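Participant: Sequence:
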Amino acid sequence: LPGKGNREKQILKNITGALRPGRFTVIMGASGAGKTSFLNLISGEARLGGTSGQVLINGKEVRGKEVRELTGFVQQDDLIMDTMTVREAVTMSALLRIPPSVSREEKLQKVDEILDLMQLTKAADTIIGSAQVKGVSGGERKRTSISMELVSNPSILFLDEPTSGLDTYTAYSVCKFLKELASSGRTIVATLHQPSSEIFDLIDDVVLLANGEIMYAGPADQVVPYFGAHGYPCPDYVNPADFLFMNVLNQATASISSTPDGPLEWRSTGHDSIIEPWSGTSMEKGQAPLSRRLNAPRDPRDIQRLLQAWKESELGTALDATARSVPKEGNVGYDKAHRKYHSSFFTQLPLLVRRGWKNSWRNKMIIQMKLVELIFLAFFIDSIFWKIGEKGLSSQSRRGLLFFLVVNQTFSNATGNLMTFYNDRFVFEREHRAGMYSLPAYFTSKALVEIPFFILLPLLMVIFTYFAAGLQVDAGKFFICAVTIVLAGNTGAAIGLFSACTFKRPDISFIFVPLLMIPLMMFSGIFVNLDEMQGWIRWLQWLSTMKYGYVALVKNEMDGL
1 LPGKGNREKQ ILKNITGALR PGRFTVIMGA SGAGKTSFLN LISGEARLGG TSGQVLINGK
61 EVRGKEVREL TGFVQQDDLI MDTMTVREAV TMSALLRIPP SVSREEKLQK VDEILDLMQL
121 TKAADTIIGS AQVKGVSGGE RKRTSISMEL VSNPSILFLD EPTSGLDTYT AYSVCKFLKE
181 LASSGRTIVA TLHQPSSEIF DLIDDVVLLA NGEIMYAGPA DQVVPYFGAH GYPCPDYVNP
241 ADFLFMNVLN QATASISSTP DGPLEWRSTG HDSIIEPWSG TSMEKGQAPL SRRLNAPRDP
301 RDIQRLLQAW KESELGTALD ATARSVPKEG NVGYDKAHRK YHSSFFTQLP LLVRRGWKNS
361 WRNKMIIQMK LVELIFLAFF IDSIFWKIGE KGLSSQSRRG LLFFLVVNQT FSNATGNLMT
421 FYNDRFVFER EHRAGMYSLP AYFTSKALVE IPFFILLPLL MVIFTYFAAG LQVDAGKFFI
481 CAVTIVLAGN TGAAIGLFSA CTFKRPDISF IFVPLLMIPL MMFSGIFVNL DEMQGWIRWL
541 QWLSTMKYGY VALVKNEMDG L
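Under the UniProt record's numbering, the letters of the sequence shown match residues 1 to 561, in that order.
Honestly, I wouldn't trust all of these hints.
Unchecked claim - With a cut-off of at most 25 Å between alpha-carbon atoms, the simulated BS3-like pairs for lysine-lysine come out as follows: (1) LYS370 to LYS358; (2) LYS122 to LYS358; (3) LYS110 to LYS122.
What the hints assert, rightly or not - Distance ranges between label pairs, derived from CB positions: (4) SER395 to PHE479: 17 to 27 Å; (5) PHE467 to MET533: 46 to 56 Å; (6) PRO452 to ASP167: 13 to 23 Å.
To be clear, the hints were calculated from the coordinates, so they are not data collected in a lab. None of the values given here were measured: they were computed from a predicted structure. Each residue gets a CB set at the ideal place from its N, CA and C atoms; glycine is no exception.
Given these sequences and hints, build the entire structure.
Facilitator: Structure (structure tokens):
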């Protein structure tokens with residue numbers, strides 16, 4: 001990865017291994033060891049340059065998009081539209097990812113089977129929910145994410161921290177499901193930060209990473225004997241995962257001691273104690289002597305020694321030989337590696353439009369607030385500009401009203417569209433990478449769902465203000481005014497969409513949009529005579545969308561007075 005200046009940081013190096021079908025494999029390592037980077041690379045999720053090496057399935061090299069088409073990937077964050085029910089989310093994935101040769105009835109039957117397998121039948125008609133709206137539990141949400149990947153029947157399933165944010169029992173339940181999925185012949189690969197002893201018992205294979213290299217990759221039940229043979233014995237009744245993190249993967253100089261009846265003591269050798277030792281008497285601590293002492297590597301070179309020991313070990317050399325050999329077809333457990341089928345544009349579009357409409361109508365609070373905003377603003381404008389047309393020409397007042405209508409619709413739709421898009425953006429990125437739908441289908445559906453609101457709300461604003469302000473009562477002039485305001489609103493929505501597509505962070509977009517609006521307003525023609533401006537900057541008036549809207553409204557209203 002690029003670093004400061006011309007320096008580069010090497011995240012992963014010299015990693016060779018094999019992932020077998022029918023096994024639940026867990027990637028473990030201390031923070032910064034490269035777990036997520038490694039998972040993203042082998043799953044095709046990473047978009048990093050400067051990498052070299054091969055990823056092979058059945059002896060055939062696959063890259064990037066090909067890997068994603070052959071596998072399933074469950075992200076750490078469960079990115080699901082929060083207004084959908086569990087059944088709707090899984091059904092959407094099934095209808096878009098299962099080959100079109102399969103009938104709709106068979107796809108829906110597949111959904112029911114997966115919901116039953118993942119024990120989601122009772123929660124099937126409950127919305128996913130969010131921090132603001134109550135929905136399914138954290139475990140059900142995670143199982144829904146897994147179900148959405150299982151509908152495409154991937155032979156390989158990758159999961160990034162599937163137990164993150166879950167309580168102990170829910171985390172165990174999720175891992176138990178993963179173990180059962182692996183038993184059905186799939187390759188299940190997950191990163192886990194620090195699994196409990198119960199979860200560790202479910203794991204078939206462990207891949208330990210340290211400093212971007214493999215320290216161990218093999219059966220989970222052999223990891224304790226392996227490190228015991230290299231000078232790091234794991235005491236009885238200690239969680240192997242805790243032992244690995246605190247004593248093998250931790251480069252700090254530390255020691256942990258325990259007594260049969262006393263508490264654990266954590267000391268930083270040569271430094272002040274992190275937790276002071278119990279100062280009670282030997283009788284208070286228990287008469288038995290110290291039974292075990294867990295010694296962490298006392299020098300960073302110990303990590304390098306263990307990395308080198310793995311390369312030279314019997315397990316390490318056997319794994320290296322397996323990975324470098326080109327297997328015959330089906331030799332690693334798959335009959336064939338089928339590519340995912342993508343549904344057609346005309347299949348994707350109606351499904352996305354239907355989902356978009358449901359999402360809009362279920363966000364009742366947003367619709368209600370938009371109507372409240374419209375009514376309040378219309379009342380405010382009418383109070384200020386009431387019957388200005390009947391009190392004389394009132395050129396300044398007329399121009400002020402028309403300019404405000406253009407600015408209001410442009411600005412409100414630009415900022416309003418920002419949050420709408422950002423709420424959907426991460427869901428879109430996950431589903432698009434998974435091959436559920438194409439960019440044209442998504443943006444077409446987005447337009448079909450949003451445009452009615454971008455037409456109806458500005459039109460209501462014109463109806464509420466045009467006649468109240470006493471503007472010219474003429475059907476043609478009213479129509480031109482309404483169309484101009486609607487176009488101004490849609491221009492603002494386009495500006496907001498452009499900003500949201502350009503900047504990943506919403507706070508940056510909320511700075512960029514007002515910054516862009518200022519020159520649009522300044523060059524609209526109401527603040528300064530554009531013909532009197534300096535020539536080197538005067539040309540910017542032709543880039544101001546507000547100018548076109550404002551000038552059109554003024555000409556339309558002033559003509560005939």
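Participant: Compare the structure with each hint and give your call.
Facilitator: Right, here's what the structure says about each hint:
no., hint, verdict
1, LYS370 to LYS358, "holds (17 Å)"
2, LYS122 to LYS358, "holds (22 Å)"
3, LYS110 to LYS122, "holds (17 Å)"
4, SER395 to PHE479: 17 to 27 Å, "holds (23 Å)"
5, PHE467 to MET533: 46 to 56 Å, "violated (36 Å)"
6, PRO452 to ASP167: 13 to 23 Å, "violated (43 Å)"
Going down the numbered hints, you'll see the structure goes against 5, 6, while the others check out.
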